[in-house]
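Visitor: Single-letter residue listing:
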Amino acid sequence: QEVDLEERLGELDLRSDSDIPDVPPPTDSTPEILKRALSGLSARWKNWWIRGILTLAMISVFFLIIYLGSFMLMLLVLSIQVKCYHEIITIGYRVYHSYDLPWFRSLSWYFLLCVNYFFYGETVADYFATFVQRREQLQFLIRYHRFISFALYLTGFCMFVLSLVKKHYRLQFYMFAWTHVTLLITVTQSHLVIQNLFEGMIWFLVPISSVICNDIAAYIFGFFFGRTPLIKLSPKKTWEGFIGGFFSTVVFGFIFSYFLAQHQYFVCPVEYNSETNRFVTECEPSELFQMQKYSVPPLLQAVLGWETVNMYPFQMHSIALSTFASLIGPFGGFFASGFKRAFKIKDFADTIPGHGGIMDRFDCQYLMATFVHVYITSFIRGPNPSKLLKQLLILQPEQQLSVYKTLKSHLVEKGILQPSLR
Amino acid sequence: NLQESESENKLDGETASDSESKSEFGGSPPVPTSDDTPEVLNRALSNLSSRWKNWWVRGILTLAMITFFFIIIYLGPMVLMTIVMCVQIKCFHEIITIGYNVYHSYDLPWFRTLSWYFLLCVNYFFYGETVTDYFFTLVQREEPLRILSKYHRFISFALYLTGSFCMFVLSLVKKHYRLQFYMFGWTHVTLLIVVTQSHLIIHNLFEGMIWFIVPISCVICNDIMAYMFGFFFGRTPLIKLSPKKTWEGFIGGFFATVLFGLLLSYVMSGYRCFTCPVEFNNDTNSFTVDCEPSELFQLQEYNIPSVLQSVVGWKTVRMYPFQIHSIALSTFASLIGPFGGFFASGFKRAFKIKDFANTIPGHGGIMDRFDCQYLMATFVNVYIASFIRGPNPSKLIQQFLTLRPDQQLHIFNTLRAHLLDKGMLGGLEDA
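Top line first, the protein sequences correspond to chains A and P. Position 258 of the first sequence, counted from 1, bears residue number 258 in full-length UniProt numbering, the numbering being contiguous throughout. Position 423 of the second sequence, counted from 1, bears residue number 423 in full-length UniProt numbering, the numbering being contiguous throughout.
Wrong hints could be hidden among the right ones.
Listing some non-contacts, in silico: residues in chain P with all C-beta distances to chain A over 10 angstroms [unchecked claim]: (1) Phe126; (2) Ala256; (3) Thr288.
In the DSS-like style, the derived pairs of lysine-lysine whose C-alpha atoms are separated by at most 27 angstroms in a straight line are [to be verified]: (4) P/Lys354 x A/Lys167; (5) A/Lys344 x P/Lys422; (6) P/Lys174 x A/Lys236; (7) P/Lys244 x P/Lys352; (8) P/Lys175 x A/Lys344; (9) A/Lys166 x P/Lys240; (10) P/Lys422 x A/Lys390; (11) P/Lys174 x A/Lys232; (12) P/Lys150 x A/Lys405; (13) P/Lys354 x P/Lys175; (14) A/Lys83 x A/Lys344; (15) A/Lys166 x P/Lys244.
Since the hints were derived computationally from the structure, they do not count as laboratory data. Cβ atoms here follow ideal geometry from the backbone N, Cα and C, with glycine treated the same way.
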């Protein structure tokens with residue numbers, strides 16, 4: 001039987017998609033209460049109602065978490081990451097019938113832990129610098145963080161090599177690769193989301209809302225005006241939906257940023273206050289979030305009738321974010337659709353009734369987080385001052401002295417520092 | 001086939017030609033590799049029996065590769081960097097070709113182009129980051145380079161997106177989705193392994209040629225020593241995956257490698273061209289390795305623990321601190337390096353291939369030579385970052401200059417307070 005399994009699966013890869021048997025569909029997990037309430041309606045409307053109710057439920061949860069603050073948001077992002085990872089790994093198991101390789105469950109979770117440990121140590125530790133300084137053990141962990149993370153990963157690697165079982169090699173390598181690609185996609189994205197969050201909640205809210213708005217607007221435009229199909233991969237998407245969604249999202253982003261930019265709560269970088277042991281978002285809003293007068297280009301003057309307009313510079317950036325969300329975001333959706341067809345699954349999982357799994361909700365968000373992060377580092381902020389300071393303090397004393405002298409001459413030159421009294 | 005300038009060699013018991021390995025492949029025959037031995041060698045060795053001929057071919061090729069290694073070291077960092085780059089491209093090509101062979105993907109022509117495109121993107125990203133750090137002043141001088149470097153991440157990301165999501169998604173063909181996703185995954189994992197490792201090697205190289213030469217030589221030495229100890233004393237098998245490896249070979253190789261590392265480091269630490277970081281000299285527009293050797297490379301007296309005193313007969317010994325580090329590097333090479341080899345063996349069995357390719361006669365492909373080196377480069381890089389050097393001061397200054405004035409002032413004042421605390425600012429400042 002073992003030989004058969006290996007042989008059969010070996011040949012499985014090489015055949016075209018139509019020969020592959022379908023993965024059994026997930027069971028219907030709609031809660032009983034909803035079923036009873038909607039038992040009167042026809043099947044089509046029932047589906048609509050379920051989706052609608054769940055959509056409202058998710059949006060409410062979203063607002064609630066925002067109200068509760070950054071820390072809760074961070075936890076939420078982490079939970080979503082873990083659930084997405086679990087969903088994709090489970091698909092891998094189902095595709096490859098890997099249930100009889102119990103090592104792999106443990107190894108996959110172990111790798112998830114390692115990579116998360118590495119990322120959290122690199123990014124979050126910076127924000128908790130003052131908290132960390134006070135505790136000796138944490139100091140040690142931070143100083144040798146990379147080495148410790150690498151050692152943990154290596155242990156996992158060695159365990160993988162030792163777990164290789166004759167006649168199951170190919171399967172095990174597939175699962176190894178599957179695990180790593182999944183880690184690459186889900187864990188790195190989630191950490192970029194958290195980094196964006198720490199830059200300011202607005203950098204978290206506007207991109208995510210733009211993607212959601214684009215989904216909904218494209219769907220609605222497609223529903224009412226849709227005629228020309230967009231791509232063979234997703235027959236329901238249409239060009240009218242795509243373009244209509246684009247313009248709606250830009251307008252939405254523009255208006256939404258206007259409202260958010262007024263509140264310090266959304267605009268300020270998240271900082272950890274070691275005295276109160278809480279996250280605080282209080283600061284002098286940067287230039288991006290201060291109202292400025294812009295002259296309206298003559299072309300639009302005629303249309304709008306204004307000569308100047310008061311806007312936040314951030315709104316210009318929001319146009320870039322919305323544009324990305326509308327144009328490239330859908331590609332993430334197509335990628336996921338292709339993936340689902342390739343492995344003959346209807347949904348990633350059955351977590352949310354009527355919507356599928358968490359991954360189904362987040363497939364368009366993949367690229368958005370990375371884009372926002374790259375955007376911020378390229379165009380908005382420079383390096384992180386506290387991280388820079390940390391590194392300066394690690395230098396050798398002679399190096400520190402020479403750096404100090406260079407900095408001093410630079411600051412004096414620029415007039416930021418008054419020359420010392422000598 | 002000798003055109004690639006190989007710089008490594010390895011005697012791998014796995015690829016020795018014997019019938020045992022073939023029977024483990026089961027029903028389907030392994031992908032055949034044609035005999036690439038150059039004609040001149042064939043003629044010279046035509047008299048010997050085939051077993052000895054194999055030995056001679058391997059031996060000659062080994063010597064040839066070692067010679068190339070020394071020549072390249074002599075030629076300097078720039079050539080070394082180019083060689084690392086070529087080896088990386090060839091390894092990538094070998095692994096991707098295996099993927100094609102496994103999945104019969106020849107009828108998906110997009111994939112060749114896409115794979116090479118991804119390789120280009122990722123290399124562009126990594127080289128851009130490295131170049132910006134090391135060639136800072138050069139980059140700041142030339143306007144186009146400055147813009148490319150300032151928006152480097154954004155440009156790399158845009159290039160990657162175009163290729164990966166847009167071209168890949170648009171190229172998805174009905175009935176071949178699974179295959180295409182497999183190749184996508186295969187390409188990315190290969191990039192992860194091959195390209196990141198090669199860039200870490202280059203980072204290590206820039207730290208000082210000794211950080212490049214000692215680790216690689218330790219892995220090679222471990223291979224050879226483990227093979228020899230296994231050949232003469234081998235009795236207890238080590239792991240089911242590689243039946244030829246034995247515990248005797250493993251342990252003998254370990255001690256031999258540590259010793260070798262100590263000796264090699266001793267010899268190399270005396271020369272500036274090996275121990276100094278590679279720097280780019282703006283005036284001469286070339287690489288220089290000239291510096292005041294750091295503490296690591298200055299002879300120091302160490303007290304021998306009393307246990308060893310009776311054995312060795314000396315009270316103190318003069319050593320370079322670097323030699324202590326070399327023990328760590330050799331230990332890693334001996335203990336974990338072989339796991340890289342087992343990983344590659346498992347991979348070859350999983351996909352029923354005998355060698356990665358047939359580039360080097362008698363030895364297989366480039367990947368066969370490098371499979372133990374994977375983890376070594378990462379380890380050395382992490383080791384250096386954790387225990388040896390701190391952050392790069394010029395990079396820090398660079399970052400400082402991009403901050404806002406109020407942030408700059410804050411950092412400056414904190415640094416000043418720190419230095420005053422340490423008493424470093426004695427005569428220079430009013431308190």
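Visitor: Against which earlier hints does the structure fall short, listed by number upward?
Guide: Going through the list in order, the structure violates hints 5 and 13 and respects the others.
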